[in-house]
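Please work from the sequences and hints to get the whole structure.
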Amino acid sequence: MITNTPKIDRRSFVIGTAAVGAGLALGLKIPFGAGVVRAQDGSPEINAWVVIRPDDTVVVRVARSEMGQGTLTGLAQMVAEELEADWTKVTTEYPTPGQSVARKRPWGNFSTGGSRGIRESNEYVRKGGATARVMLVQAAANAWGVPAAECSAVNSVITHKPTGRTTTYGKVAEAAAKLAPPAEVALKDPKDWKIIGKSVKRLDTVQKVTGAQIYGFDLKMPGMLNAAIKDCPVFGGKVKSFEAAKAQGMPGVKHVVPVGDSAVAVVAETWWQAKTALDAMPIIWDEGANAKVSSATIADMLKEGLDADQAFVRTQVGDVKGAIAGAAKKVEAVYAYPFLNHAPMEPMNATAKYTADKCEVWVPTQNGEAAFAATLAASGLPADKCEVYKIMVIGGGFGRRGAFHDYVTQAVLIAKQVPGTPVKLLWSREEDMTHGRYHPVMQAKMRGGLDASGNLVGLHMRLSGQSILASVFPQNLQDGRDNATFQGLDPSGDFTLGYTVPNLLIDHAMRNTHVPPGFWRGVNINQNAIFLECFMDELALAAGQDALEFRRKLMTKHPKHLAVLNAVADRAGWGKPAPQGVHRGLAHMMAFGSYVAACAEVSVTGGDKVKVRRIVCATDPGHAVNPAQIERQIAGSFVYGLSAVFMEECTVKDGAIEQTNFNTFDSMKIAQMPKVESVIMPSGGSWGGVGEPTICVAAPAVLNAMFRATGKRIRTFPLKNHGYQMV
Amino acid sequence: MARLTINGKTLEVHVGPSTPLLWAIREQAGLTGTKYGCGVAMCGACTVHLDGKAVRSCVLPVASAEGKQITTIEGLASGSVLHKVQKAWVDYDVPQCGYCQAGMIMAVAALLKDKPKPTDADIDAGITNICRCGTFQQVREAIHAAAKA
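Here the protein sequences line up with chains A and B, keeping their order.
Per my numbering, residue 11 is the first one in the first sequence, and the count goes up by one each step.
Per my numbering, residue -19 is the first one in the second sequence, and the count goes up by one each step.
Honestly, the hints are just simulated from the structure, not real lab data.
Some hints could be false.
Covered by chain B, per the in silico footprint, the following chain A stretches (three or more residues, Cβ under 8 Å) [stated by the list, open to error]:
id: 1; region: 78 to 88
id: 2; region: 202 to 215
id: 3; region: 226 to 238
id: 4; region: 278 to 288
id: 5; region: 405 to 412
id: 6; region: 642 to 648
id: 7; region: 681 to 690
Here a beta-carbon is modelled for each residue, glycine too, at the ideal position from N, C-alpha and C.
Rendered as structure tokens:
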């Protein structure tokens, strides 16, 4: 067998001359202090964010994770901009969570979710680059015996302006690393940006096209064994018994072990041997009371919540009940949105090695610190005896690998039973599909009242369904209320509702299920945008008004929402005749700090074959760091969102998820891909998200167009359940 | 035990005859560019060439690959010179997470052998790989670019 030493091994740091372990035990006074902190290859760290090699290579440390969305490249752009680095010499590496703990979190939060990678860290990351630049310039000035104010840096070259002397970052890095950092640094005016805002190519492409990129699934270590696992198919259930002897005699099998009280793993020389033996081994489950739950019982529970007296109120303006009761025209509709699995292409996996005084984990994760916490908890070892190495590239995250590290826990629990041997735990697709952290199930009853002129005088949006926070971060509930449920419907902030309605009530009857919910790309804006924006079309129809004009009247106090909506309407030609057989639909939303809108063009043939021809999308993310990557995120988010609305749901039977693979949980192919045209219109002054916001506008825009094509309003999903086929 | 020829090199793999070719490639030959995505031939992440034709190796028993030329993503380039499809992928910045892209590239390379100048309809019919990141617009652009290269 060929052995690949994972690259991440080399990327751990050596702190000064002290061994890493000793340094951790002592608690280090870094990043800034007497000793120079060095990367493993001996190159000096200017500060926690920047290492400069003698050949002028700039190594930018990135704490957030690259799962495909281009975060690695975007964050490197931020540092390089303020560093005045030569972009062609920039490379990246990940610090480890253990080092973060030892160094008192110089890199801040590792979490890569909620479209936060850039929008949350942009300021301190840019300051990291600016601080390093000031130190490098000072070091050059010191060497020349001139004031630093007479020197400037461009493209990794420092120039003493009066004499024209030059030097490079690589030549002064050693001296710069010994300097005290400046207390304050000024950041560049956005108008002076040279790298931020440019469509630079991604830094991580070549290895992905040659097969050389090592994902978590691909790790190899000397002496490593492979594990396959089955967890109880019913959430909350346990293992009653298993016939280990049936697996133990099979080729390659080394160990059959329980994992916690709900799972069993087979550990073998190869994963295929482990999986084959696991499949041959009878396991009896104690499924518990949840085995009585089905999609129908869950739907009934949510339906009851639609009219329940008690609900968590998010927004209450005026007297909505009175306004609707007294309205000239009343409109009411009930929508429902299903459970969804993330189904990243790379199934869950983690590799763990445990000895009595050390536990190491190699894992593709959206949150290195959360993976570290899971390692500590499962190993029972203290922080200075644990380390987590993030795999450089993740084969898709979409939220599954952020707050949840059940696979890390499992890998450590298995490794503890095979001490001294690295064990790579790989989930089969079937395990991944049936043990997700699912998009929450939700229903909504929408009630609206129109006056005689067709003006919206009252709107009540009652949500009924699962709370993610109640399950995952109950400490973040506010008096029991889950504000994340209302994403896109908030009175202010990063998820602001774009309409002003004189009488408005938005509330949530929390109805939780045993199916564990999670943060699924876009999270609650997916269903909220469908509920709200489809219903706005229903109201416009009832008012006898154009869908765009009806919206515009309610948006005068929301100019940024209106700007993106107008942009897609103009670009798509709203109000002008569409080609024969083509119908248009609109939607807009604000989410994760970005304003987004879409206009879809759809044709329906034979009554059931739906072709999404074109979607014009506009986004105002405040600052646009890399427009080419934003375009890719827009189109990619549409694939994820439209796959869901057309063909995906996870249903529950006897307490377990029924869909086990892509044959029952399908995903769009290239033939179904619409032409996506992006309008990126950054208005500056803020940092909005990119990975998630646009996902939510594709579905309602398409659904509104489908209504115009068919005259039928679909309110439950996926569309395949109504006979519609995406072509 | 089976005798496989992968990227021009012949090796013996110590697996049962029903073991899927994918796992012989990954765990015996140690070539991990070819990915596991579903195990049921739905997603195409495991696509390799068998005598020049694209096959989904996760459901192909090792026994039926014996005596045939197997090409994986690692064998697509000629030394350090990227295959025209790989080059187009770099030029158009196609991959996002990249996990499915080895299979996608192998499927496209086989398509271009059959149809050197594919139409959009040829691409739609011939490329059925799943990409959850949804980088299909760049895939289409890059296929047309590779066809012109």
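How the hints compare with the structure:
A stretch counts as covered by a chain when three or more of its residues have a beta carbon under 8 Å from one of that chain; for the region 78 to 88 of chain A and chain B the count is 3, and the coverage holds. Evaluation of the coverage hint for the region 202 to 215 of chain A: fulfilled, as 4 residues show C-beta separations to chain B shorter than 8 Å, against a requirement of three. With a cut-off of 8 Å between beta carbons, the region 226 to 238 of chain A has 4 residues touching chain B; three or more are needed, and the interface restraint holds. For the region 278 to 288 of chain A, the proposed coverage by chain B is satisfied: 3 residues have a C-beta within less than 8 Å of a C-beta in that chain, meeting the threshold of three.
Requiring three or more residues with a Cβ within less than 8 Å of a Cβ of chain B, the coverage given for the region 405 to 412 of chain A holds, as 4 such residues are present. With 5 residues carrying a beta carbon less than 8 Å from a beta carbon of chain B, the region 642 to 648 of chain A meets the three-residue requirement, and the given coverage holds. Residues of the region 681 to 690 of chain A with a Cβ under 8 Å from some Cβ of chain B number 4, which satisfies the need for three, so the listed coverage holds.
Violated hints: none; the structure is consistent with every hint.
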